[in-house]
Structure formats: C-alpha cells, structure tokens
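Novice: Those protein sequences? They're chains A and B, same order as listed.
Going by the numbering used here, the residue at position 29 of the first sequence is 935; the numbering climbs one at a time, nothing skipped.
Going by the numbering used here, the residue at position 4 of the second sequence is 31; the numbering climbs one at a time, nothing skipped.
Be aware that one or more of the hints could be misleading.
Pairs of lysine-lysine residues, derived as DSSO-like cross-links and limited to a Cα-Cα distance of at most 27 Å, are as follows [to be verified]:
| no. | chain 1 | residue 1 | chain 2 | residue 2 |
| --- | --- | --- | --- | --- |
| 1 | A | Lys-921 | B | Lys-440 |
| 2 | B | Lys-504 | A | Lys-999 |
| 3 | B | Lys-529 | B | Lys-480 |
| 4 | B | Lys-504 | A | Lys-993 |
| 5 | B | Lys-480 | A | Lys-1020 |
| 6 | B | Lys-473 | A | Lys-993 |
| 7 | A | Lys-1059 | A | Lys-1097 |
| 8 | A | Lys-1063 | A | Lys-1092 |
| 9 | B | Lys-440 | A | Lys-930 |
| 10 | B | Lys-504 | A | Lys-1020 |
| 11 | B | Lys-407 | B | Lys-504 |
| 12 | A | Lys-993 | B | Lys-407 |
These are computed hints drawn from the structure, not numbers from a lab.
Note that the structure is a prediction, hence the values are computed from the model and not measured.
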Amino acid sequence: MYRVMIIDDEESARKLMRAAIDYKSLDMEVVGEAASGIEAINTIDEIKPDIAFVDISMPFMDGIEFTETATKRYPNLIIIIMTAIDKFEYARKCVSLPVFDYMLKPMVRAEVTKVLERAKEKLDAMGGASTSDFADSEEEPAITEANSTELIKQYVKDHITDSTLNLAFVAQNFGFSSSYLSRKFKQDTGKNFAKYLTDLRMKKAIKYAEQGYKMYQTAAEVGIPDPNYFGRCFKKYVGMSYSDYIVEKAQ
Amino acid sequence: MKFGNWGLIKKNRSGVSLSLSLKKLIFEVVLVAIAAFIISMTIITERERRDYGVRDSDNVLKTLSSNISSDIEKYTSLSRLIMIESRVIDFLRAEVSAVSMGMINDARYGIMDILNSTEGVDSVMVIREDLIIVATNRFTYNYNTDLMNSEDWRREIYEGNGRAVVSLNSYGIAEKADGRPMVSIGRAINDIDTQKRTGLLMMNISTSVFENMLTRLGYNNICIMGTDGTFLAGNREYENYFGDEFLSEKIRHRNIRLGGKDVLLSGCRVNDLPIVILRVSPYGTAGIPFRMLYILLFLLVVFTLMAVFVAIFIRQNITDPIFELSGAMERNKRSGELKKIDVEVPYSELNMLEGDYNSMIDHVNELFDELVEKEKTLQKAEMRVLQEQIKPHFLYNSIETIGFMALDAGADKVHDALETLGSFYRNFLSKGDREIPLSREICIVKDYLSLQKLRYGDILEDEYDINEDTLNFVVPKLILQPMVENCIYHGIRLKGEKGTIKISAHLEDGELHLIVRDTGVGMDAELIEKIVTSRSNTYEQNSSSFGLWGTIERIRYYAGREDVVRISSEIGEFTEVEFIIPDMMHPGA
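The whole structure should be built from the sequences, with the hints applied where relevant.
Specialist: Listed below in structure tokens is the structure:
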C-alpha cells in the first residue's frame, strides 16, 4: 500500500480528492491531510507519504515553497501539483522543480487516476515501500556522538522560529537518517521529535499569550506562521483555545 | 489629438503668402522704377529741349541784333554823307532871308543824289534851327507842326552832340500818311568850320529793311518791334506777347502756348536801339538727348531683369523649397503615419526647419508611444481587474466543492455532470491560448456534447473517428464546438428524431482533414454557396449560419488561404462539413 497525503487549504477539495478516487484499486490509501504548507512540514514526518497532492495557492507557505522545501528533504516523494490557477508562471516554476505532474482543477477522476497509475509504476520500479524516505532503517550511523541529542535539542532551541524546521531537516543537518534520529531521540528524551518541537513552541507561545500577544503574532514568533494550524496545536497542548486562554489569564 | 488642424492652419494663416507678397513687391519696385524713369525722362527732355531752344534763340537773336545794329550803322554813315553834301551845307549856312525855293530844291537834290544808291531810306529831313525844312518824299508824311515848334523832341537829338540818335516815327513830328512805322535816325548838325550848330537831320528808315533782312536770313519766327510796342516787321502773331521784360539787352525767355503748342518765346532789345526782337521757337525733337535716354532705358531694362531674377531666385530657393517642405508635411499627414520627411533643400536655414519638423515628429512619436504604452498598461490593468473578477479558479474551486457535496450526498450523477462542466470550462478557457492541439479541441467537444446530452437526452449520439497521428495537430481553438452546436440547433433538433454527430480526423499530405457530419435536416445548396463564398464582415450577424461562416473565416485567416472548407449536404439526410487545415506549426513540412 502506498501512502497518499493531500495538502490543500480547502477542506472540500481535500475531501473530494479523498472520496472521488478509488484508491483501493490502485493499492493506495490516503493517510493524512494538511491544510497548509506549514502544517504539512510539521506533520509529514509522522504521516510518511509516498505521494503528495499539493495545491499551489495556500496561505503562509504556498505549494511552490512547500515543494521547494520538500523535494530537498524527501527526494523520493512523488509530488503532484493540483491548481485551479492556470498561470504560466506557476507552470514554469513547477517544471524547474522535480514535481511528478502538474494538474489543473477542477479535477477529472479519469485524469487523476491515470497520473496515480503512472506514480504507482514509478514507485514499483524504485523498489516499493522500502525505498521511501520514511522507511525504517536499521542501520546505525558509523559514528555516533554521545551528546548528539543534547546538541540537537540546543539546535532546535536556537532555530525555533524557523517554520521549516522538522525531523528530516535536523537529521539531514546532523548527518543521520530521519528514522535513526527519530528512534534515538525518543530513546533519549522519551518524546518523539515532532512532539518535542511542538511542546517547545507551545511553551514559548504560552509566554507570549501571557503577555497578551495576538494569536497570529505569537504564531509567527514561535515558527508556526499559519495561525489555524497554530491554534490547533495550542488547543491540543493547553486544552483550550488561544483566545480562551488569554481571557482566562487576564482574569 | 487633432493633427488634422495643421494643414488648415497653414492655409488660413493670415492669408498672406510670401510668394504673393514677393510678387507684389517686385511688381511695385518695377512699377516705381518705370515711373521714376518716365518722370526723370520727361524732366530731362523738357529741360534739354528748353536749353536747346534757349541756346538756339540766343544765337539767332544775337545774330539778328548785330545785323540790325550794323544796318543802322550803315544808315548812320549815310547820314554823315548827307551832312557834308555841299548843297545841304549851303542850305544850312544861308541866312533866313537868303533861303529860296531853289536853294531848298538844290539841297533836296543833293540828298537824293546820295540816297540814290541806297535802299530802305524812306525819307530824309534836314531842319534848320529856324525850322526851315528840306525833306525828301515829304508828301507821304503828315507833319505835326505844333510838336515841331516845341523844343522837346529836338533836345534828345541835341543831347547826342552830333552822334546819331535812333528813334521811332520821327519823334512824332512826322508820321507816315499810311501809318506805317518808321525807324528814325536823328543827329544834330554842326557847321564844319564854326562848329556851331546849324540844324538837325532826321532819316526815316522803312521797316521793309527788316523784312528784307528776315527774308534774307530765312527767319519766319521773328517779330521785330519798337520799344513802345509798335510792330515793325516779321511775324505779326507774336505782337501780343510783347512785354516790358524784353526791354533789356539781356535775352529773356518765356514759355508760352501758341496755336495749341508749347513754344519758347525769347526776346531782347537791340543794342542802344529802340528795337525789340521776339523769337518763337517750337520745341522740336532736336533738343531731345536721345543718347542719355537710351542709357536710362537700358538701365531700366537691366533693373527690371534684376528684379525678375531676384524674384526667381527667391522663388526657387526659398518659396519653392518651403512649398516642397509643406507638401512633404502634408503628404505625411495624409499618409496617417508620422514619419520623418526627407526633402532636398538648398539652405541650412531650411534644413533647420526640416530638422525641427523631424525632431518634432520624433517627439510626437515618442509621446504617442508613451501614450500607447500607457494605454496598454491601463488595458492590461483593466484586463487584470476583469480577469480577477471572472476568477476562473473561483469557479473551479466552487465546482469541486459542489462536486464533493453531491458525492457526499450520494448524487453521483450530479458529480459527474459537475466534473464534465469543470473539465469543459478548463479546456474552453485554456489560459487564453489561440491555438491548441486537436486532442484538447476534441476534449472540449466531448465535454460539450456530454453536457448537451444531459439536456437533450436521447436525441443525440456522438461518434469519433480520430486518427492517432492527428492528436497533436495544432488547430485554432474552438472550431469544433460551434460546428457541433450548429449540428444540434440547426440540424438534429429541427428533425425531431434521434441524430448522430460524427467527428473524424485524418491527415492527408500533411494537412488535417477534420470532418463534422450530422444526420440533421441538411442544408440547401444556395445557403452552402452563400456561406462558402461570402466575404468580409458583411455577413448578417443574426443569420443562423453566422457561427459556421465565422468559423470558416477564422480558419481562412489562420491558414492564410481561401480554400479550407468543403460542405456537402442532402436535404433531410445529412450535412457534412470538412475543414482542411494546413500545419502552421511546421510550415512546409
């Protein structure tokens, strides 16, 4: 089964994408969605997709920026651009990026299915799920530094405002595979990397919230410039919405 | 902007043209020159003629004066001979008592002997102190005895002291019985021995002497008069013009009018004599200084030629080039383009004008370009606003949203329809491309027909026979859709029974043959002829076949040739339209 992720700021578009295509017959399943490029960057390491449908016009980080970042970190990820805006400029940028295909909305099932069939062929040819960027690798790195986890924690602290910070990025930076880093990090800290990063950001966000910052301001300060995604993260972490939290703190 | 006004300005500008005023100026200059020539010629001619006349008269009058003087001199010497004649002396010396008739007669004979050889003397009177007279020709005279007795008349003669004193008409003491005037020479007589005055002598000279003289000299324009205004000889006509100014010995001249002609009247008094000579000389051609006039005339001709030359020079070198420049500008204006002009002009000043015009043209063109550029930018902006308003992606996203809703509600057919509609619009709009591959065009038609089938259900069926090698053939966008629209609305629907639209495409000699066939009501030959042969935009827009005609025109424009379509039809059976489209992407291939 190949894993499919849908990145689109419109919920109905995501749902249509999910519902209209018969993934089963293609030996695929939709494993996750993201409503923005920011959210996708933060969740992609856990979703671990083989194929990503990416909309171009999204706020905070558009499809092009996301693709630029993602293709560097996940060279085997198959990116299929879906856009309603038929602009030459977009097409030109996408051609310069290693995107698998460029499709215009509104989607036509037959066309999407055809593209997915080709994607499956390519994945099959590459050796199936084992070649995924997210595949578990048992290999230990040749050199392991004892305090590498500490170094990584420090690095994350220093780069907390970088909205593109994620596991794959840090792993690449420190010369580990992301699966090794993920395992080692959880071993050493008891938390997985994504949770650690989000918790760190939320702690910081709470400080800002206590100072009365508006949500979008705090969101930008802590490296999650998409306030919708930030709001969800905050609520999950604190147990109430940012605005409620501010109201409560003010009392 | 109104560039058309330039021409008008040129024509209406104050109404005075350089060439016209130049012509006027030259004409006036020549006219003034001719007038000056005529006036100066007249003045010079008149003057010269007068001077000539004056000189002529001077000569004649001087000659005549001296002739008269010498004649009078001659008679004076004759009078001396008489004075010394013995019988006359005897008469004068005799006592009063001794004077007898015989003595008087002797004296008379003595006088007459002397006069014998001389003409012109009318009478000689010798008067003693005691007034005893010896006279020749005495009976033709009337004597004024009262005057004779007075001393007055003798005093003048005596004051001459023996020299001759000339007077007229015997000092009044004796007048010719017939009234003819006489010139009298009077002198006192003194005794040769005693030197005592013994009497006086008076000689009356006939005016015929002067007549003869004039005849001899051939003068007929002379009038000889006495200082008292009596006519003596010559042309009597001039008598009336006598005046005091001629009493001087200096020659005087006066212009008078005689017999309808301007003539010169000259006159003077003869030296010491009571005689005035008048001369009339007409102004003849003799005095005209022709040589000078010819020189003047020559100068006038030279001047006129120069003026004409200057006019021609200015015309050729200034006004003609200006006209040429103006003409070039006018042509430029008419051509509707603002190009630089290139006119050969002879002088740097005019070159400057041309240069200025050209730089202005440049400037205007720059302004134009700027304006056009601005207009374009504005249009682009407006287009963008328009496109923003249309926002096809909004349409597409909405179609997707509604599509999901339909799917979610289990209305799969609605989702199908929406998907087709979305696909149709996506291909239909096609980023605004004018030319697309045939495959896209087929997609559009398929979507269109499947949407139409939703509407009209089972009256419609579509078939496709598209050769694989035609799929990438580039055709003008939207040539099939209007065709099938035509098939439905003007073919199949009118027939009221199920119809089929068949689209087929194949290559032949590198050209695409695209055939749309419907089993509709068909088309009559007249309409086909009209559609195929109609040209330009005269085709009635409301006509039901306008869509078909417009599509043909577009393909003609795209292909760059007329022969692109074949239509065949059978009324009630079918219509088949075949387009033949050349490969414009790989021309010549």
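Novice: Just to be careful, I want the Cα atoms of B/Lys-407 and B/Lys-504 compared with a cutoff of 27 Å; is the pair within it?
Specialist: Roughly 22 Å separates the two Cα atoms, so the pair holds.
Novice: Are the Cα atoms of B/Lys-480 and A/Lys-1020 separated by 27 Å or less?
Specialist: holds, 25 Å
Novice: Can the restraint linking B/Lys-473 and A/Lys-993 be considered satisfied, given a maximum Cα separation of 27 Å?
Specialist: The given pair, whose Cα atoms are some 25 Å apart, holds under the 27 Å limit.
Novice: Is the straight-line distance between the alpha-carbon of B/Lys-504 and that of A/Lys-999 27 Å or less?
Specialist: holds, 26 Å
Novice: Check the hint pairing A/Lys-921 with B/Lys-440 against an upper bound of 27 Å on the C-alpha distance.
Specialist: Holds, at about 18 Å.
Novice: Between B/Lys-529 and B/Lys-480, is the straight-line Cα distance small enough, at 27 Å or below?
Specialist: Holds, at roughly 14 Å.
Novice: Decide if the proposed pair is consistent with the structure: A/Lys-993 and B/Lys-407, CA atoms, cutoff 27 Å inclusive.
Specialist: Answer holds: A/Lys-993 to B/Lys-407 is near 16 Å, not above 27 Å.
Novice: Just to be careful, I want the Cα atoms of A/Lys-1063 and A/Lys-1092 compared with a cutoff of 27 Å; is the pair within it?
Specialist: holds, 17 Å
Novice: Run the distance test for B/Lys-440 versus A/Lys-930: straight-line Cα separation, threshold 27 Å.
Specialist: holds, 22 Å
Novice: Assess, step by step, whether the Cα of B/Lys-504 is no farther than 27 Å from the Cα of A/Lys-993, and give holds or violated.
Specialist: holds, 18 Å
Novice: Does the alpha-carbon distance linking B/Lys-504 and A/Lys-1020 stay inside the 27 Å limit?
Specialist: holds, 25 Å
Novice: Take the C-alpha atoms of A/Lys-1059 and A/Lys-1097, compute the straight-line distance between them, and say whether it is at most 27 Å.
Specialist: holds, 12 Å
Of the numbered hints given earlier, the model fails none.
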